[in-house]
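Residue-level listing of the chains:
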Amino acid sequence: MVQALILTGFGINCEEEFAAAYRLAGAEATIVHLNQVLLGHVSIHDYDILNFPGGFSFGDDLGSGVVLANKLRYRQTPSGRTLLDDIKEFIANGKFVMGICNGFQVLVKLGLLPNLSGNVTPEVTLTHNASGRYEDRWVRLKVNPNAHTPFLKGIDTMEVPVRHGEGRLVISGADTLAQIQDKALNCLTYIGYDDSPTDVYPHNPNGADLNCAGLTDPTGQVFGLMPHPEAFLSLYNHPDWARRKRLNRGISEEGDGLKLFRNIVEHVQGQRAEAVPQEASQFLS
Amino acid sequence: MENILRSIQLLLKPGVHDGEGQRVAEAARRHLGLRTGRVQSTAVYSVRYPVTDQQLHDFATRCLQDPVLHDVALDELRHEPAFKSYILVAKLPGVTDDEGISAQNALGDFLNQPLDTHTQHIFSKRLYFLEQELPESSLRRLAEELLGNKLINRFEVGPISQIRDYTPRPGGGAESITNLVSLTGLSDEALVQLSKENLYALNLEEMQAVRAYYAAPETQQERQAAGLPIDPTDCELEIVAQTWSEHCKHKEFSAVIKYKDLGTGEEKEIDSLFKTYIKNATAEVDRQLRANGNDWLIKVFSDNAGAVRINPESLFVWKVETHNSPSAIDPYGGAITGILGNNRDPLATGIGGAQLLFNTNVLCFGNPEFNGTLLTNQLHPRRIFEGVRKGIEDGGNKSGIPTVNGAIIFDDRYAGKPLVYCGTGAVMPMQLAGLDSWEKKIDAEDRIIMAGGRVGKDGIHGATFSSIELDETSPATAVQIGSPITQKLAMDFLMIATRRGLIKCSTDNGAGGLSSSIGELATISGGAVVELEKVPLKYPGLRPWEIFVSESQERFSLAVEPSKLEELLALGREMEVELTDIGYFTADGFLDVRFDGAPVAHLNMDFLHDGVPRKTLEAEWQAPQAQEPQLAADLDYTDVLTRLLGSLNICSRESVIRQYDHEVKGRTIIKPLMGATGQAPQDAAVVRFNFESWEGVAVSNGILPRFGDLDAYHMSAGAFDEAVRQIISVGGKLPNLAPGDNIFWSVNDNFCVPDSVYDAASNPDGKQKLAKLVRMCEALRDATAAYCIPLTSGKDSMKNDFKADGVKISVPPTVLYSMTAKIEDVRHTITSDFKQADDVVYLLGETYDELGGSEFYQLFGELGANVPQVRFEQAKELYTLIGQANDQALIQSCHDLSDGGLAVALAEATFGYGFGAEVELKGELSLATQLFSESHSRFVATVAPEDVVAFEQHFGARATRLGVVTADGQLTVKQAGQTVISAATADLRHTWSNGPVNQVIGLGHDALRNTNESSTGGLG
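Residue numbers (the UniProt record's numbering), protein chains in the order written: chain A, 1 to 285; chain B, 1 to 1020.
Pulled out of the complex, with its shape left as it was, chain B reads as follows (with noise of 0.2 Å):
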C-alpha cells in the first residue's frame, strides 16, 4: 500500500526554557552578526508508515512526547504568532538518522511489531522559527554555518507563512549495472585524466601498470575462463584504486628516497622509511627486550592495531590513527567516524572482540579566533574545532568509553586540513575459546559474513579522496555520519560472540570498505567469492562497484566456519545485529567478485597486494635560517608568565574535557584534570585493567611541530621524549631495565605532513618537505633504541594541504607519538599537584639555553635557533632515577616541563589545592631561559621535608633545590635575592582557565567565576 506521510511536531510548553533555541539565537548573534530574536527550537517527525489516527495520536503522546514538557502537533506544523521566519533542518537521502531510526524503534516496540530498523520509516528533522523576518540569504547563512552541513543536510527557510517541508526519498530501483573501461590505447595524458575523473588518485605509473596487468596473456586467459571480457570493469578499477591507495598501501613510506643534506654534501639512498626506521628499529627492540626475557611483545605492524602481552592472561591492544580529510569538510562526522572507527581496529584485532578501554584525541587546529577571510569551501576554525569536539563527545561517551587523554595545539597552518588524532587502548584474552586471541586464521570454505550497519552511497572514496589534497570541489560522498549506537551493539555482540568461538577472525569495514576488508582478509586462504546482491543496502540504487567500495560505516566483516554459522546467527537475531552471509574464502588466488552471478570483478590477488609500482622520490636537506632574538632587557616576568597561561597553546581545556566522559568504567585514576579543584592538568593518564587487580595503563601523547621550523629531526625526537616523561611523570618505568620485569610499553607513531612529492610547478619545495620527514623518521630510530620502546602500529598522512582560490594551506610536518606503558600497582602513581606546605620543590634534570621554537619566544612573534635537543643517555639514566625514587615513595607530586618551561610547570602544580611556592633561581643561564626555555627531560617534583636527604642522596646533582610549596597560596620566584616573579596563584589560574579556549568553547562565564572563587580553599 502507499504511505502516506504523517508528522508529528513537538514543541516545548510554554514556560519550559528553550535552551537550543536561545543557543542559536546567540550564535546567530556572535558568530554571524545576525539578529533572529527570539528563536524557538522544535522537533518534526515524519512517519512514511501506515498507521492509523488513533496509533498516530497515542505513538505521539505515548511515545514521544514528554508530558512535562512537550505539547504535540500532528501532521501540521503549529507556530506561535509572533515568529516570522523558519529553518528547517532535515537530512539529505542516506545520511545516518539515529533519531529517526530511534523513534521507528519506539514505534515497533508501542504497536508490537517486528517493525525492521534497517529499512527507515521515520525520519527526524529540527524545525526552527525566528522572532525577526530575515532575508533568505541570511536565513540560509545561519542553517549552513550553524546548524547544519550542505552536505549532509537539506535546509527549508523562508517567511513562516510558506513553510515548505523535505523528506528524503532515496534511490530509485536497483542498478546492477557493470561498466567497461577500455585503457587500450589511452595516451598518458588521458590515463592520468582517467584517474583523476573517477578519484582513483593513481599516478601515471600505476596507471600504466593496470593496463599492463590487463593486456598480459595470462589475464586475458583467466579473463576468459571466468567469463569477463579483456576491459577492466568499473569495480575492478575501483578496487585497485582502493589497494593501491596511499592510505592503504603507504607508498610514500615504502618508496626509495634519494635523500641529499645540502649542508654537507652528504647523500644517501633510503630503501623504504617504514622499512629501515620502524619496523627494522622495532625488531631490534625486540631483539634486546627478548635477550633479557622480555617477550611481551606479541603482534607488531601485521594487524588493525599493535598487541603486547600484559600478564599470562591478557593482551594490550592500542591504536592511533588520523580522521583529517573528513573532519575538514564536515567536522562533526569527520570525528565521530574517526574515533569510531579507531574503535573498530582494537576490536578488530586477531579473532576480535576485544574489550575497549579508553579513547585519546590529539587536535590541530587554525586560530580558533581568527577573523579574515575564508577560502571557498573552508570553514572556519572555530566551527571545525566545535564539530570536532562534539563528534569526539559523541563518538566516545556514547559508547561508553572514557576519553582520558588528549591534546589541542593550535597553529594558522592547521586552518586548511585540521589534524584529529584518534587513539583507543583495549585488553583481550590471550586465549579466546582456547585459541591465541591475536591469531588471524582462515581457510576455503569459511564464510563471509558482513556484521553491522548497511551499505549507502556515504563514503564512497574514503580511502582515496585521503590520499589526495583537499580542494573547492571535495566531493560530498566521501562524508559520512558514525552511529555509535549501531556499533556498540556490534561491539556488544563482537564480545560474545568470540568468547563462544563462534568467529575464526574479523576485521573492521574502515576505508576502502568490503573491497579493502575482505582483500585483505583472502589474501589468508588465497582468494574469496563475494555476492554483492547479498549485501543488505540502505536503500537502493547502488552500482555493485559502489557496493564494493562504500565506507558506510559500523561495519565488520568476520570469517566463520561453516559449522558454526547457525550458532552465530541466532546469536545476532538475539542481540539485533544484522550478519548477512556474502561469500565465502577460496585459495585459487583470485578476489572473484559477483553480482547476481555475473562477474564484476576478478582480479588476481598477486597483481592486486603486490602490483603496485614503487616510487623513487627526492629529498633535500637545507638547515633553516635562524637566529636568537634581542628581547627587551627589562621584561616583567610576572607579566610574561602571566600571559603564557593565558596563550592558546598553553590555557586550560577544561570546557573541552569535560564535556568527554573520562571516567565511564569506573577505573580511571589519573584523569585530565585533578586536585581538590578538579583544575590542576596532568601529564598522563592511568587507567586500571579491571577491578580485581591494581594493574593498569598509562596513556601520553608528544606532540610539538612548531619545533618541526626549526629542526624536524630534534622535533620528533623531542616528541618521543615529551610522550616518554610524561609516563615516567606518572610513576611509570622504561621497559627492559630489568631481566623479565614485563613492563610492557605500546607506541603509535602518526605522521601527517604536507605533500612531499617534489613537482616544479605544484609543489616547488617538495624535496626540502620530505627531507624533513626523513629527519623525523631518523629521530624515532634513534629514540626507539635509546629508550628500548617498540612501536606496535602506527599510521601515515601524507598529503595535508587544501587549496582553493589559487591559494594552498599546508599543515606543518607533524607527527604524533601516543604511548601506553604497563603500571604495575596504580596506586603508586603519582600526581601533577602540589601536595602539601612544606614539601620541598626540586627541579629534575637540566636547561639548557634552548628557547628556540618555545611558547616564551612565540609570546613576541620570534621563532629563535636554538631549538631543544634531546640528550637520551642522560634522559634515560634520570627516568631511571625516577622509577627508583617512587619505590621508595619518595616523591609526592611530579610534572614534567612542556610549554612555558619551569615558570608554567611551576604555576600549574599550585592549580590543585591553592598553594603557593617560594622557589630561588641559581643557575648560570639566563633568566628567561631558567623560566621558559623548553630543555626536554625536565620535571618539577616535590618532597616530603621528611624524605629530603634520602631524595638528595638519591639523584646528586641530577636535582636542582628550587624551594618550597607554600600555604599562602603566592607563588614567588627569586634570582640573587630580588623577586622576579609575585603572584597569587589564584589570579594565575583564573587566566588559565579564562584563557581562549575555553571561553570559544564556552565554560559559561558563571561556571568560571565559581569553580575560582570557591575553591581556593580546597574541598576540605
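Looking at chain A on its own, in the form it has when it is part of the complex (with noise of 0.2 Å):
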C-alpha cells in the first residue's frame, strides 16, 4: 500500500482531512507528531509521501510558517542530522512531499519550493493578503498546463476554499519570476468565471503575483498551494451543493480535491509496478 506520512503537531490542525484524504484515495496514512520524527521515533524514509497540513504552526507569530521551517533547518535529531536533511534525502530518492496552506508556507519559507537553484533557499515570500484579512471563501483554480507534477495530471480547473491571512505570493526580481514562469512552476492559477487568470479581488483572494496558487519544485516531487484540496472531499463540501443535486441527480458524491490524492497514489502504485520486475530480475541475476 502507498504510505502517506502526514506531520502534525505546535498548531497545526489539518492533519485529519488530509489523512482522510488519502485513505480515500486508497492509501495508508499515519498522523505523526512532529516531536516524533525529530526525536528519531519514526523514519520518514518509511513513507512515500511527506505532508505538511495546514493550520498556524507555532501560532503563526514570526510570519506564517517561518518558526516550524526553522525548526526542520536548523533542529538536529539525536543523530545529528536536521529533517531538513532527511526531507533532501527523501526527494532525492525519488519520493514526494505536499504542502497545504501552512504547510505551503513552511515548504516555501524553507526554500523546497520554488528551489530554482537546487540548493534550498528562500526565493520567494507568502505574506498577508492584499485585503489584510483572514479569509474563509471558495475560489476556482485552472491548473498550468504545462506543470509537470504528478499531483496535477488530467485535471484542468478545479474548486476549492481558500481559509487564510497570509495567502499573497511575492515574487521579487524579474529573473525569478521568469524562471519560474518557464518552467510552469506556477502550476496553479486563480481564475474568474471565465476561466481566464485573475487579478481581481475574491476571485484572487490574496493578491499573489502571476495570481498563483500554488507551486512545484522543478522534478515536480514537491508541491504546495493555499488552497485547501482536503477540504474538497465530498460533493457536500461544496457550498453550492444542494442545487448542483437538484441540478444533476446522478451528480458524483466526490469532491473536486480528492482527484488531486487519488492522483499521486496511483503515481506511486505506477512506480512499483514499474520497479518490481526489476527487483525480481536483481534477485534472479
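If you are wondering where the hints come from, they were derived from the structure by calculation, not from laboratory data. Hints should not be assumed to be uniformly reliable.
As the list claims (entries may be wrong) - Which residues of chain B face chain A? A partial, calculated answer using Cβ under 8 Å: (1) 103; (2) 109; (3) 485; (4) 492; (5) 661; (6) 674.
Stated by the list, open to error - So the derived label-pair ranges between C-beta atoms look like this: (7) B:837 - A:119: 56 to 62 Å; (8) A:119 - B:570: 34 to 40 Å; (9) A:93 - B:57: 31 to 37 Å.
Unchecked claim - Just a sample of chain A residues kept apart from chain B, beta carbon distances all over 10 Å, derived: (10) 17; (11) 30; (12) 88; (13) 91; (14) 117; (15) 120; (16) 143; (17) 145; (18) 158; (19) 196; (20) 210; (21) 259; (22) 270.
Every residue, glycine too, gets a C-beta built ideally from N, C-alpha and C.
Bring the two chains, given one by one in their own frames, into a single complex with the hints.
In C-alpha cells:
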C-alpha cells in the first residue's frame, strides 16, 4: 500500500482531513507528531509521501510557517542531522512532498519551493493578503497545462476553499519570476468565472503575483498550494451542493479535491509496478 | 551572568506594501480624525538572553527576517528621515506574548539549545513611525484606541528624535507571604467594606457565615490541629470568595424567590429557579424519553459540559458559556479567553480528551455607529465589536476548530457590557481505555497534575469580578490574553493521554483557577493537599493566594494514578506540554493548601461547598403598557423591504463570517453562507462527525431580546422555538417521535440579565427585572416539555450592568438557547436558498397579528404590543410533518421566518443564485402583517413541480401556496392583483451585503462590488 506520512503538532490542524483524503484515495495514512520524527522515533524514509498540513504552526507568530521551517532547518535529531537533511534525501530518492496552506508556507519559507537554485534557500515568500484579512471563501483554480507534476495530472480546473491570511505569493526579481514561468512551476492559478487568470478580488483572494495559488519544484515531486483540496473530498463540502444535486440527481458524491490525492497515490503505485520486475530481475541475477 | 538587552528590528523593504501601516493611518483618520501622514509599521524583538554578536546577526537574518520582505536593524531602532513621530507598543509584565515565545522557540532551534520556553527571554513589540509631528496626547490616544489597550500594553510615544524603548521586567523575588484577616468583632459595615475592598463579592450575610465558621469551636480545634491560627488566612477567604461567587455557585438561580403578579394578584414561592425550571424539567423530559426507549441522555448539569449518546461508540458533548465582563474592558482578550475557555469545558468533561468539532458564537453589541459621548472607561461599541470579532477569529482559527454558526444582535443597551456567548461541540468515545469516558472518578492518593500554561497575576479575581457590575475602577488584573497555541498543544496531549488510559479524570482551570478546579475535583475523593511552591510561575513575586486563584489560561488539572505518573510525564515531555505534580487527593474532608510545608489554607469541604447561605429574593410582575401604533396607510413596501434588508439587525454579516474558518476539519455541510454566490444566509449549521459515516449534528441559536420589552415569557419561548425551527428547517427531526429513534437533542441555556436583586436606592426596579427572569424560566420549562427537548448544561450571568459617571447601562434581560440535534444522514439536509426556476413556493405555518417588537416596527421607532407567541402543539405538529416530507425528499429549500418576517425570508432565499420569485398574498390579515409579522414556527419552502400534489396532500392546511421561483431575478409580491413589492433581487442583495455591519468591519468596497456583479449569473 502507498504510505502517506502526515505531520502534526505545534498548531498544525488540518491533519485529519489530510489523512482522510489519502485513505479515500486508497493509501495508508499515518499521522505523526513532528517531535516523533525529530526525536528519531519515526523515519520519514519508511513512507512514500511526506505531507505538511494546514493550520497555524507556532501560531504563525513570526510570519506563517516561519518557526516550523526554522525547526526543520536547524533542530538536530539525536543523530546530529536536521529534518531538512532527511527531506533532501527523501526527495533525491524520488519520493514526494506536499504542503497545503500552512504546509505550503513552510515549504516556501524553507526554500523547498520553488527551489530554482536547487540549494533550498528561500526565493519567494507568502505574506499578508492584499485585503489585510484572513478569509474563508471558495475559489476556482486552473492547472498550468505545462506543469509537470503527478499531483495535477489530468486536472484542468478545480474549485476549492481558501482559508488564510497570509497567502499572497510575492516574487521579487524579474529573473525569479521569469524562471518560475519558464519552468511552469506556477502550477495553479486563480481564475474568474470565464476560466481566465485574474487578479480581481475575491476571485484572486490574496493578490498573489502571477495570480498563483500553488507551486512545484523543478522535479515536480514537491508541490504546495494555498487552497485546501483536502476540504473538498465530498460533494457536500461545496457551498452550492444542494442546488447542484437538484440540477443533476446523478451527480458524483466526490469533491474536486480528491482527484489530486488519487493522482499521487496512483502515480506511486505505478512507480512500484514498474519497479517490481526490476527488483525481481535483480534477485535472479 | 547579566544578560544585556539586545534588539532586532524588522522593517519592510522599500517598495513592499505596508498594509498594517496603511490601515493604521486610515483608521486614525476615520475613527479619531487624526491626520498621521504615512505610517510605517516595524517589528521589534528584544532579546534578554546571552548571544554573541554573530549569533544575534545570524538569528535575525536566518530565522526572523523574510529575505524577500524585510531589512534588519540590530541594536538600533532605525527609521527613515521623513518620519516625525513614533509609537512603541510593548506588553506589560506577564501579559501573554506568543510572538516573543515563538521567537524564543526559533532561537532554541537555531542554537540547538534546550531553551526553556516557559521563561520569557524574547519580547515582541510593534514600533510605528508617523509622517506628521503629532502632539503626545494625540499619539497616546491613537495608541490606546487603535493599537492596543492600556490594561495590557505599555505605550511609549513622542517625537522620533527621542525614542524610548520599553521591555517588561516582571516580578521581584518570591513572596511566600500569607497574611491573616481577622473577622472577629467587625461591624456589619466593616465586613461589607472588607468584602468590597478585597473584591470578595460576598454580601453581609455571607461574610457573617464565614465569620461564624471561624468562630465555631470545632473549626478552632481543627485549625489548631492543622497548625493554623484561629483567624482566616488571606488565601482561605479568597478560596471561599471564589467558591461562593455568583459565577461559580449560581446563588440567584438557587435562591428562594417570592413572586407576585401585580396584575392578577397571584403570589407564589419558587424554590430555586434552577431546580424548578431547568433541572426538574429536564428530569421529566428524560423520563419521557426513557419510557419510549430513548436513553441517550448521558450526563446533564453535573460536569463541565453536557453529554448525549450519538451511537453505541460515541458521545456528543456540548457547552455554551458567556464571557461578558472581560470583553467589556479588553474585547480581544475577553473574547479569545472566552472561546478558548469554553473549548476546555468539553475537553475536560468526564475523563477528558474529547475531540472538538465546532465552535459557535452569539454576540450582542451596542450600535457600532454610535457617535455620542462615551462614559469613563466605556469602550466604543465599534471597538468592542472589532476586538471581540478578532478574538473569536484567533481563538477558533488558530485552534483548528471551525466556527460554524452564530448571530450578532445590536441594541444600545449592550453598549456598556457586551454579551459574548461562546459554544463548543465535541465528540468523545463512549469508552476510553476500557472505562466509561463521561465518568469522573478520583481516589485518595491520586496525584494532582497541572498541565498547560504557567501561572501569573493575570486573571486574578475573574470569578468574583464577573459577579459584580462593571464600573470605571474595574481591575486590570482581571484581564487575560489567551494563547491558542499553548492550548492546542495541551489539547493534542490530552487526546493521546486519555486514549492511553493515563488520566483518571480532568477538569479545566477557568474561573477561580486552581482554587475552583481542585476544590471541585476534591469533592469526588473528599479532600486534597496542594503544594503551591511546586506550581510553575510565569515570573516570581506571586503570593500563595494569588497562585491559587489566578486564572492564567490554558491550564488543566488532572487526576492521575501514581502508577501512571511516569508514563504521563514522559508523554508531556515528548509533546512539549508542561506537567507539574502539585499535590494529591485525600479523603479527610479538608482542602489543605501549603506553601513550602507551611499551612496556607485548611478548609472544611462541607463548609466550602455547602456553607453559603441561601438568598431570598423578591420578584414583582407588571405587564408593560403597550399599544399598537398607527402607521401611514400608503407605505411603499418595496422601500420598506429594502430598508429592512439594510438595517443593522438584518443586514449581511459576511465580513465577520468570512474571517472565521468555518470549514477546517472538512466536515461542515451547511455553512453560514451558501449557494453559488456564497451569500445565501442559512438557518442551522450542519457538521458531520467523521469521514466514515454520514451521521452529523445540526447546530442553532435562538435569541430574541427585543421581544422581552413586551413580555419576557414570550421572548424566552420564542427564542427556544427559533432555535428548534432552525434545526427543523435544515432537515432535523424532533426527538422521541418514535420508540428508540435515538435522535439526540442537547440544549444549553444561557441567561444574561441585569442586576435583578432589589435595592431601594441602587436598583429600584430590581423586582420587576427578577420577575422577567422568572417568566423566562417558566417559558423554558414549558418549551422543553412541549418538544420533549432536554437541557444538558447552561450558565447564568447575573450582573450585566455598566456604571460610570453616575449613569448605569443595563442589558435587556437576554436568554440564548443553543441547540444541537442529531442528523441521521447529512446528505438529506436542506439549505435555505431557492434551487430552480418554476419550483413552487409555500409558506408553512400560520401568520398572526403579531407585529409587536418586530424589525418592521423598529424601522418606524415603534415597539407595538402584540408580541409573537409560540403555539407549541401546533408547532410540534408542523415540525413533525416537515420531517416526514423531507424523508420523502419533497422539500427543495426551506428557510425559517424570523427578523423581518416573510418578506425578508423570501428575499434571502433568492440570494444564493440570483433567482426571483412571484408571490401572491391571499391572507385575511393586513398586508404589513402578512409581510413583516414575526409570528413563530413558520418557514418558506420550495417544492419541485412534480412533487406539488404529494406535498399539498401531506401538509393540508398547514401549507399556503404563495407562488413560484422565477429565472428573471425579480421579486414580485402581489395582493388582490396589485403589485405591492417589485424589486430586482440583485439590488436587494446589494443593499443587504452593503449594510452597516460589512461597512463597519470592512469587507472592502471592491469586494462587495465584485461579488455582487459577478455572481448574478451563478457559478454555472
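These are the hints, each one checked on the structure:
| no. | hint | verdict |
| --- | --- | --- |
| 1 | 103 | 6 Å, holds |
| 2 | 109 | 4 Å, holds |
| 3 | 485 | 4 Å, holds |
| 4 | 492 | 6 Å, holds |
| 5 | 661 | 5 Å, holds |
| 6 | 674 | 5 Å, holds |
| 7 | B:837 - A:119: 56 to 62 Å | 59 Å, holds |
| 8 | A:119 - B:570: 34 to 40 Å | 38 Å, holds |
| 9 | A:93 - B:57: 31 to 37 Å | 35 Å, holds |
| 10 | 17 | 3 Å, violated |
| 11 | 30 | 14 Å, holds |
| 12 | 88 | 18 Å, holds |
| 13 | 91 | 22 Å, holds |
| 14 | 117 | 13 Å, holds |
| 15 | 120 | 13 Å, holds |
| 16 | 143 | 18 Å, holds |
| 17 | 145 | 21 Å, holds |
| 18 | 158 | 13 Å, holds |
| 19 | 196 | 13 Å, holds |
| 20 | 210 | 14 Å, holds |
| 21 | 259 | 15 Å, holds |
| 22 | 270 | 26 Å, holds |
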